[in-house]
Amino acid sequence: MDVTLFSSPTPLRAGRADLSVMVQTTADRSSVQDAKVILHLKKSERGNVEEVMAPATHANATNKLLYAANVNLPSAGKWRIEIEVSSGGTSATASGELAVLPPQAPAATYWGYFALVPFVILLFVFNRWLKRRRWLKYPEAPP
Amino acid sequence: MQSSASAALLSWTIDVRGIALLVFVALIYVRGWVRIRRLLRNGSDFNRLYAFLGGLAVLFVATGSPLETFDSLFLSAHMAQHLLLMMVAPPLILRGDPVLPLLRGLPRRIVKEGLGPFLTWMPLRRIGRFITAPAFAWFAFAVSTVFWHLPKLYELALHSTYWHGVQHASFFWTGILFWWPIIQPGPRSREWPRWMPVPYLLFADILNTALSAFFVFSGHLLYPAYATVRANTLSAQDDQTLAGLIMWVPGSLIYLVPAFVLAMRIFAVPRGMESPVRVSRTRRTRRGSLRLILPRVRRVAQAVMLVIAIVVVADGFFGPQIAPLNLAGILPWIHWRALSILALLAVGNLFCMACPFMFVRDLGRKILPAKLRWPRQLRTKWVTTCLIALYLWAYEAFGLWNSPWLTAWIIAGYFLSAVLIDGLFRGATFCKYVCPIGQFHFVSSLISPREVAVKTPEVCRSCRTYDCIRGNERARGCELYLFQPKKSGNLDCTFCLDCVKACPHDNVSLISITPGKALIRDPYRSSIGRLSKRTDIVALALVIVFGAFVNAAGMVTPVMGWEHATPANIALFVIVGAIVCPALAVLLSAVLNKISSRGLSVRDFARRSALALVPVGVAMWAAHLLYHLATSASAALPAFQRAATGVITAMAMPSTPAWLTPAQILLLDAGLLLTLYIAWRVARQYTNGVRRAVALVAPWAAVSCVLYAAGIWILFQPMQMRGMLH
Chain A
1 MDVTLFSSPT PLRAGRADLS VMVQTTADRS SVQDAKVILH LKKSERGNVE
51 EVMAPATHAN ATNKLLYAAN VNLPSAGKWR IEIEVSSGGT SATASGELAV
101 LPPQAPAATY WGYFALVPFV ILLFVFNRWL KRRRWLKYPE APP
Chain B
144 MQSSASAALL SWTIDVRGIA LLVFVALIYV RGWVRIRRLL RNGSDFNRLY
194 AFLGGLAVLF VATGSPLETF DSLFLSAHMA QHLLLMMVAP PLILRGDPVL
244 PLLRGLPRRI VKEGLGPFLT WMPLRRIGRF ITAPAFAWFA FAVSTVFWHL
294 PKLYELALHS TYWHGVQHAS FFWTGILFWW PIIQPGPRSR EWPRWMPVPY
344 LLFADILNTA LSAFFVFSGH LLYPAYATVR ANTLSAQDDQ TLAGLIMWVP
394 GSLIYLVPAF VLAMRIFAVP RGMESPVRVS RTRRTRRGSL RLILPRVRRV
444 AQAVMLVIAI VVVADGFFGP QIAPLNLAGI LPWIHWRALS ILALLAVGNL
494 FCMACPFMFV RDLGRKILPA KLRWPRQLRT KWVTTCLIAL YLWAYEAFGL
544 WNSPWLTAWI IAGYFLSAVL IDGLFRGATF CKYVCPIGQF HFVSSLISPR
594 EVAVKTPEVC RSCRTYDCIR GNERARGCEL YLFQPKKSGN LDCTFCLDCV
644 KACPHDNVSL ISITPGKALI RDPYRSSIGR LSKRTDIVAL ALVIVFGAFV
694 NAAGMVTPVM GWEHATPANI ALFVIVGAIV CPALAVLLSA VLNKISSRGL
744 SVRDFARRSA LALVPVGVAM WAAHLLYHLA TSASAALPAF QRAATGVITA
794 MAMPSTPAWL TPAQILLLDA GLLLTLYIAW RVARQYTNGV RRAVALVAPW
844 AAVSCVLYAA GIWILFQPMQ MRGMLH
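One line per chain: the protein sequences are A and B, in this order.
For the first sequence, this note's numbering gives the first residue as 1, with consecutive numbering after it.
For the second sequence, this note's numbering gives the first residue as 144, with consecutive numbering after it.
Hints are computed from structural coordinates only; laboratory data are not their basis.
Computed from a predicted model, the values in this text were never measured in an experiment.
Take these hints with a grain of salt, some might be off.
[To be verified] Okay, derived cross-link-like pairs now, SDA-like style, lysine to any residue, Cα gap no bigger than 25 angstroms in a straight line:
hint, chain 1, residue 1, chain 2, residue 2
1, B, Lys676, B, Pro579
2, A, Lys137, B, Lys255
3, A, Lys131, B, Gly832
4, B, Lys660, B, Leu170
5, B, Lys255, B, Gly659
6, B, Lys629, B, Ser652
7, A, Lys131, B, Leu245
8, B, Lys660, A, Leu116
9, A, Lys36, B, Thr371
10, B, Lys509, B, Ser560
11, A, Lys131, B, Val833
12, A, Lys131, B, Asp679
13, A, Lys36, B, Phe213
14, B, Lys255, B, Arg174
15, B, Lys509, B, Arg439
16, B, Lys660, A, Trp129
17, A, Lys131, B, Gly271
18, A, Lys131, B, Arg824
19, B, Lys737, B, Tyr820
20, A, Lys137, B, Thr830
21, A, Lys131, B, Gly659
22, B, Lys255, A, Thr10
23, B, Lys660, B, Asp679
24, B, Lys295, A, Ser8
25, B, Lys295, A, Thr10
26, A, Lys131, B, Val254
27, B, Lys737, B, Ala838
28, B, Lys598, B, Arg252
[To be verified] Partial pick of chain B residues on the chain A-facing surface, computed with a CB cut under 7 angstroms:
hint, residue
29, Ser147
30, Ala150
31, Leu153
32, Thr156
33, Pro260
34, Trp264
35, Gln327
36, Pro805
37, Ile808
38, Asp812
39, Leu815
40, Leu816
In this text, a Cβ means the ideal position worked out from N, Cα and C, and glycines have one as well.
Input sequences plus hints: build the corresponding full structure.
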């Protein structure tokens, strides 16, 4: 079996992460739809071990060809991931490393939503300026 | 097990924000289309409506269907998606002639006051004319098409959600520009040679053909990202060829068919006069359906709510005392609170309209005399202000949301109070002077977009029967003593619609208003007086506004630890947060106003400016309660299952959807902006100079910004969830 891992967001950061797995047959690369997929994530740093385990399912995936798990990565650093796949009596394990960056500050993540307020205020000020300008130009015009 | 094909077809991307935006635009368009259709006979045909809605549907398919899901795996899927964004959705949307319907669909005040100065600003009009001119539109479209297909930029979009969004936006908007000169929507069509669209489209097709031929015949893989993962036997090179063919054949047809039709028209039909549009000023009279239907709907809704309330009370008393498994621990605290405030923001005071206590109040009147008059000293909002403050304390002190038994007692106590008070006293005394839920809804509905109001004031001037307040054989008059011609805003209005039913001239209806309008003006209001003279209403509003932040802060980890350390801390927290803080904020602002503007009636101004804080407070309630609804709505299922069958299966697993935080921030943004706008408009009524108005509004703006910042801080803290064991 071929196993491919997709991660979101890009780059991966501490906090909520969407890990999706595609399982394909090696022979014809057709996707395997009845596999059982379990993700094990582990991070060891200075004797401190953090572990996350999550089953990946079609239900969690937007792309129903994939198996997905929404996991919460508690900290940044290098995480070791092991993907256990079993289907039709055969099983396989794929492993690798994930580089997880520190979480982004809320202000950086949602800056567009915060910027909306000053943007609308600026538009309002501009609106008033235009109205005043028009009124100075045409004092007889209706407000 | 499902096949790969069916799994692929089920792979829809549900982006709540995108869907909400599309639905919002569709609603505005339909509203405007209906208005134009009423005004202009034959002025707005169904083809335009279908075309516009079809264009939005294509946008949804492009961004939400499996095409979106598979665009990172298959170039062909991505190409089909781009085709829809550039060549199908834009012409359909423009065929819907969207400018006038969208403007007519928005509230008139927003168009006139908000958009008007921009739309009539000459530099902006010149820019609009320039970018919709054929030369610029064609060039922008061509640049966008070629630019984004360069391998480096395409790969950038593939690997970044942000740049992917920018790519799609530029495809769609340059598509709009490209098709604008061809379809020429809007009230003024540009004059350009009739033959021009033909070469315009043909040159675009040449560009499209060249690009697609490059995809088909290049012989090497243009975008290596597609070679990394193959989901089936289709090789990346074959996928690229297929993408090129999609771009080539359907893409060319989209250019060539209109070019051919336009060419045929040039040769076949001489340019004629368009048939004149008949303008009719006579508005079609409404058939009185609202008057007949709404009261019935209201009665059914009340019956449904009554049944739910009885079930909740029974489960609260006799069911298991575990909140996530008991209907009394779920429905009132997760669903009802959130849905009623969202209904307030979307429509109006629908909870009071469907109030389950209405039946028992009517029953009380039949059993008891209902002749007494409510004491004059209590005919204010002070009683309910105290009750709301008491509720805020009890909620924290007793963990009401976590106790089905106490919840059941509160609802049962409500029923008993409604029966006794309305059974002994005249009118809707309970609603007007006692019910804290009703007062919460009255204050919140000051920013609702709908109001029960007269349609034509002239009709009321000639009325001598005053059925709207006195009642008649059809319906009782207003029990809250609101005389429709003098009524302004939703304060004290329970949306009972008795006045709608009673009016013999069919002149009272549920009409659209600009949210917050009731706070900008200060007319004499029937049964209320002027808001600038009502300290009790201001106090009630302030407790509700600051209570929103107290209630939400009481559920976040940093506050909870301190608050629940001792019982005294809870009382201190609520008193300081909901009573002392607003009092200090108002006092300080009023003192600063007094200093900055001598001769000002500070008390009146402070009362009105304090009421301007209502939007930011209601926004906080909505953001907070939306959190519980979004994370724990599914908790109702196991509780219902347990109540119906007695069997407990799997508990619901609360989860936080990705759209929630942006939606909460947007709610707070909207609340703050509306607060600032109302405060500004109020200040302008007290002074002519802009600088003096800024000085007046500054302290209140500072208070609202502090509340906004507090709200944002609370939203980013870990919040206690509902519908799970604690």
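Would the hint on B:Ser147 stand, with a C-beta cut-off of 7 angstroms toward chain A?
Where the cut-off is 7 angstroms and the nearest Cβ of chain A is about 5 angstroms from B:Ser147, the hint holds.
Given B:Pro260 as an interface hint, is the shortest Cβ-Cβ distance to chain A below 7 angstroms?
holds, 4 angstroms
Below or equal to 25 angstroms on CA atoms is what counts here, so check B:Lys255 against B:Arg174.
With a Cα-Cα distance of about 17 angstroms, the restraint between B:Lys255 and B:Arg174 holds, given a limit of 25 angstroms.
Given the hint that A:Lys36 pairs with B:Phe213, test it: the Cα-Cα distance must not exceed 25 angstroms.
Since the Cα atoms of A:Lys36 and B:Phe213 sit roughly 22 angstroms apart, the hinted pair holds (cutoff 25 angstroms).
Mind checking the CB of B:Leu153 against every CB in chain A and telling me if the closest is under 7 angstroms?
Because about 5 angstroms separates B:Leu153 from the closest Cβ in chain A, which is inside the 7 angstroms limit, the hint holds.
Is the hinted pair A:Lys131 and B:Asp679 satisfied, with a Cα-Cα distance of at most 25 angstroms?
Violated, at about 37 angstroms.
Restraint satisfaction for B:Gln327 [CB to CB of chain A, less than 7 angstroms]:
violated, 27 angstroms
With 7 angstroms as the cut and Cβ atoms as the points, is B:Leu816 at the interface with chain A?
holds, 5 angstroms
Quickly compare the C-alpha distance for A:Lys131 and B:Arg824 to 25 angstroms and report which way the hint goes.
At roughly 15 angstroms apart (the allowed maximum being 25 angstroms), B:Arg824 and A:Lys131 satisfy the hint.
Are B:Lys295 and A:Ser8 close enough, with their CA atoms no more than 25 angstroms apart?
holds, 21 angstroms
Does B:Lys660 pair with A:Leu116 here, judged by a C-alpha cut-off of 25 angstroms?
Holds: B:Lys660 and A:Leu116 sit about 22 angstroms apart, inside 25 angstroms.
Are B:Ala150 and chain A close enough, Cβ to Cβ, to be under 7 angstroms, as the hint says?
With Cβ-Cβ at 4 angstroms, under 7 angstroms, it holds.
Violated hints, in rising order: 12, 22, 35; the structure is consistent with all others.
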